[in-house]
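Student: Residue-level listing of the chains:
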Amino acid sequence: MMQLHHAAETFLARLDDNLGLLSGDEREAVLLELRGHFLELQHQGPEHLHSALNDMGPAESLAGAFVDASVTAMRRTEPPPRGVMLPAVIANSNLPGMYRREVPRLNVREIVRDFRATLDATGDGLRGVCAFLVAGYTITAFLGSVHQLMPGQVSTPSWLLFAARIGIGIIGTAAAYRCILGKDDEVWQIDLPMIRYALASILLALVIFGPSHITLEIQQARITDMPGPYPFYHQPASLLLWIAISVLALRLQPWAVSLVLDRPISGRSSWSGTRGKTMDLAFAWVTTVAPPLLVHLVVSLAVLQLSPLLLTRFGVLICFVDALAVMAMTIAAAIINSMTFRWVVREPIPAPRPFSTTRPTDAQIAESNMRFQRVLVEKWRADREKALSDRPPHA
Amino acid sequence: MGVTGWQTQLRKGAAELVVLSLLRDQERYGLDILRHAASETGVLSDGTLYPLLTRLEREGKIIGRWALEDESRNPRKYYRLSNEGAALLTEMVSMWRDFSSFVSSFMDSPNDAAPPRRRDLSRKAG
Chain A
1 MMQLHHAAET
11 FLARLDDNLG
21 LLSGDEREAV
31 LLELRGHFLE
41 LQHQGPEHLH
51 SALNDMGPAE
61 SLAGAFVDAS
71 VTAMRRTEPP
81 PRGVMLPAVI
91 ANSNLPGMYR
101 REVPRLNVRE
111 IVRDFRATLD
121 ATGDGLRGVC
131 AFLVAGYTIT
141 AFLGSVHQLM
151 PGQVSTPSWL
161 LFAARIGIGI
171 IGTAAAYRCI
181 LGKDDEVWQI
191 DLPMIRYALA
201 SILLALVIFG
211 PSHITLEIQQ
221 ARITDMPGPY
231 PFYHQPASLL
241 LWIAISVLAL
251 RLQPWAVSLV
261 LDRPISGRSS
271 WSGTRGKTMD
281 LAFAWVTTVA
291 PPLLVHLVVS
301 LAVLQLSPLL
311 LTRFGVLICF
321 VDALAVMAMT
331 IAAAIINSMT
341 FRWVVREPIP
351 APRPFSTTRP
361 TDAQIAESNM
371 RFQRVLVEKW
381 RADREKALSD
391 RPPHA
Chain B
1 MGVTGWQTQL
11 RKGAAELVVL
21 SLLRDQERYG
31 LDILRHAASE
41 TGVLSDGTLY
51 PLLTRLEREG
61 KIIGRWALED
71 ESRNPRKYYR
81 LSNEGAALLT
91 EMVSMWRDFS
101 SFVSSFMDSP
111 NDAAPPRRRD
121 LSRKAG
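Note that the protein sequences, when read in sequence, are chains A and B.
Residue 1 is where the first sequence starts when you use our numbering, and the numbers rise one by one after that.
Residue 1 is where the second sequence starts when you use our numbering, and the numbers rise one by one after that.
Just so you know, not all the hints are guaranteed correct.
As the list claims (entries may be wrong) - Listed next, the stretches of chain A that the computed footprint assigns to chain B, with coverage defined by at least 3 CB atoms under 8 Å from CB atoms of chain B:
#: 1; region: 23-34
#: 2; region: 56-62
What the hints assert, rightly or not - Here are the simulated distance ranges between beta carbons:
#: 3; chain 1: A; residue 1: 291; chain 2: B; residue 2: 87; range: 51 to 57 Å
#: 4; chain 1: A; residue 1: 28; chain 2: B; residue 2: 93; range: 21 to 27 Å
#: 5; chain 1: A; residue 1: 45; chain 2: B; residue 2: 27; range: 24 to 30 Å
#: 6; chain 1: A; residue 1: 128; chain 2: B; residue 2: 98; range: 37 to 43 Å
#: 7; chain 1: B; residue 1: 27; chain 2: A; residue 2: 272; range: 56 to 62 Å
#: 8; chain 1: B; residue 1: 94; chain 2: A; residue 2: 268; range: 49 to 55 Å
#: 9; chain 1: A; residue 1: 3; chain 2: B; residue 2: 103; range: 47 to 53 Å
#: 10; chain 1: B; residue 1: 96; chain 2: A; residue 2: 268; range: 49 to 55 Å
Said to hold, decoys possible - Residues from chain B that keep clear of chain A, each with C-beta distances beyond 10 Å, as calculated:
#: 11; residue: 21
#: 12; residue: 50
#: 13; residue: 52
#: 14; residue: 82
#: 15; residue: 100
#: 16; residue: 104
In case anyone wonders, no lab produced these hints; they're calculated from the structure.
Yeah, the Cβ is synthetic: ideal placement off N, Cα and C, and Gly gets one too.
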């Protein structure tokens, strides 16, 4: 192949320096196409090449034109705004990779806004799920404490209550996923996808809780007859193992969500699709699921198990508070998993209601696109300034 | 804005129409487009053509394919119109004709010119 004139090579190198906003493939295509253009002109005569270089102007300006073209095309071809109007953690994962680290993390106000937006967006569907969870958990918690309220009376076996709570949780989360991501008329349908989801949830629970219990057995800890997987919280090694596996298991949640929606994806694509987002997910869980989980632990362990006097006086109320806490962590988990599912399947997240299935208004899209473009252009400018400042003076 | 600035804006607005028109009947690569556009209309330059092609391709109006030809030994990217681009071109040509005819009518005889038809002039080309 003919050697390209050094002036053209320099031009292409400077162009490459300033095309940082484009993806690797796009940048390579631009450079390859221009190289071919220059080579053909050079073949016709050096004056043609120099004329073309003069016509193109500074490489930085041409790079700007390519970036503008790319941003304009992106605005026109991706109607749902990607990220800028969304809460930080969500935006963080929907912006192109190079911007992720610059977006601040989720804060409590945004979490509350998300909850309200999600409830509004799903109409009565998600409120119905909340009511179902609260009622179910209140009743099972109350039945679980009957033997303390009425000593000597026949109480419901703890394994049965545990199974009932698992069933309520599975049906409730499945309905929540369908409210957020699916069709309203199939929310409560117990069908094959829901059974698949139930089996997947049980499998994930075994993966998460199994090793912790084995660790507990190895440590020869005392296992009580408390319903649920509570005993291992008492042992630090078991607890740490549970946290570690839980964090890893977050990356498999999109797979479970896909089953209940009957839009199956593989566990592998769920795992790889959340690569690089594990800490964001863990952070979202810590800020949204952990607080109600703590309330639940305090209520269920300290009050229901250890303080019969309180239970005798305020039994139903305490069970109701516990149920509210469990409902909150269930819905929070459902929202995060729905969001993660949309990441993995690359489904646009409408703004400003990230979990809404309806399209935002044109005015919202226009506003968001403007903000998105500003972010892109600001980033491009920063990259260009950095590239210019890093370049040796003689270049 | 002097006449140069006005001319720049005019060329900028026409560039997309020219490129799409050139790709209507056959595949062309960048330099080929430039030769035709530069010689016949002057609306495109080396510096404006490739960003425009990038945008049109990303918007799905044209489709590019790489080809390595023996005679040049340089890879060339050939472009052709997509269905969407062809539909857009038809609409743009119609609008352009309406628009130019309307403007020309003023230049020929401004006082006799018909009022603009809002429907035609307010359509967006995409």
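Student: Could you run down the list of hints and mark each one as holding or not?
Tutor: Do the hints match the structure? See the list:
A count of 6 residues in the region 23-34 of chain A with a Cβ less than 8 Å from any Cβ of chain B is obtained; the coverage claim is therefore met, three being the minimum. Coverage of the region 56-62 of chain A by chain B holds in this model, with 4 residues showing a Cβ closer than 8 Å to a Cβ of that chain against a need of three. Between residue 291 of chain A and residue 87 of chain B the beta carbons are some 54 Å apart, a value that agrees with the proposed interval 51 to 57 Å. Taking 21 to 27 Å as the suggested C-beta distance range, the pair residue 28 of chain A and residue 93 of chain B does not conform, at roughly 34 Å.
Distance hint check for residue 45 of chain A and residue 27 of chain B: the Cβ-Cβ separation is about 26 Å, which falls inside the suggested range of 24 to 30 Å. As the Cβ distance of residue 128 of chain A to residue 98 of chain B is approximately 55 Å, the hint placing it in 37 to 43 Å is violated. Look at residue 27 of chain B against residue 272 of chain A: about 37 Å separates their beta carbons, and that is not inside 56 to 62 Å. A C-beta distance of roughly 51 Å is found between residue 94 of chain B and residue 268 of chain A, which places it inside the suggested range of 49 to 55 Å.
Here the CB-CB span from residue 3 of chain A to residue 103 of chain B is close to 50 Å, well matched to the stated 47 to 53 Å. The beta-carbon spacing between residue 96 of chain B and residue 268 of chain A, approximately 52 Å, falls within the hinted interval of 49 to 55 Å. Its beta-carbon lying about 19 Å from the closest one in chain A, residue 21 of chain B satisfies the requirement of being farther than 10 Å from that chain. Once the 10 Å rule is applied to beta carbons, residue 50 of chain B is inconsistent with being away from chain A; the minimum gap is 6 Å.
Once the 10 Å rule is applied to beta carbons, residue 52 of chain B is inconsistent with being away from chain A; the minimum gap is 7 Å. Separation of residue 82 of chain B from chain A is adequate, the least Cβ-Cβ distance of about 12 Å exceeding the 10 Å criterion. The non-interface label for residue 100 of chain B is consistent with chain A: the shortest C-beta to C-beta separation is roughly 25 Å, beyond 10 Å. Chain A leaves residue 104 of chain B outside its interface by the beta-carbon criterion, the shortest separation being 30 Å against a cut-off of 10 Å.
Checked against the numbered hints above, the structure violates hints 4, 6, 7, 12 and 13; every other hint is satisfied.
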